[in-house]
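Turn these sequences into a full structure, and let the hints guide you.
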Amino acid sequence: MSKSVKLAVVWVIMAFPAMPAPALEMRPVLTLDVARKIVEACIAKAQQQGWKMHVAVLDIGGNLKAFARMDDAQLLSEEVAMRKAYTAAALPRSTREVAELAYSNPDRRPGGIAFLPHVAVIQGGLPIMTADGVHIGGVGVSGSTAQNDEACAQAGLDSVKDELK
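Taken in order, the sequence shown gives residues 1 to 165; the numbers are from the working numbering.
Since the hints were derived computationally from the structure, they do not count as laboratory data. Heads up, some of the hints might be wrong.
To be verified - Distance ranges between label pairs, derived from CB positions:
| hint | residue 1 | residue 2 | range |
| --- | --- | --- | --- |
| 1 | 117 | 147 | 21 to 27 Å |
| 2 | 40 | 147 | 18 to 24 Å |
| 3 | 48 | 26 | 34 to 40 Å |
Bear in mind that the values here come from a model prediction, so they are computed numbers and not experimental data. Glycine is no exception: its CB is placed at the ideal position from the N, C-alpha and C atoms.
And the structure:
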């Protein structure tokens, strides 16, 4: 390689400094401690009301962080709670909103979201959001009426609102 080519290569390297590597995205995560508190508060609400619930908390990646089945809770409610939590973890929407979207077609045919695997289109799943609006997971509750399931999930979220700031 000639001296002029070497100088040209050095000049190009010096003229264009290395591009910085992309930084990792820093975002809040759903901790095990917060997930457990959500479950505990939901169970406390259910006990107060006489409901027998399954409660599932998943992080934004769909990973199970905490789960509880109250004594004598219906067996099938376990899968329903997991699907509600999955739906709320996958979308920053409540499962009630997802149900409204799925069944809002004026032709009375459900929208495509109603046919996705593991998606729940019934009330009782809520997204877990930080105070800044960052979606970090979902809570799903099943075992009573859809309205009671959602009220229980909301009690769980209310119990950790100060920790999600």
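A quick look at each hint next to the structure:
no.	hint	result
1	117 with 147: 21 to 27 Å	holds (26 Å)
2	40 with 147: 18 to 24 Å	holds (21 Å)
3	48 with 26: 34 to 40 Å	holds (38 Å)
Comparing the model with each numbered hint stated earlier shows that all of them hold.
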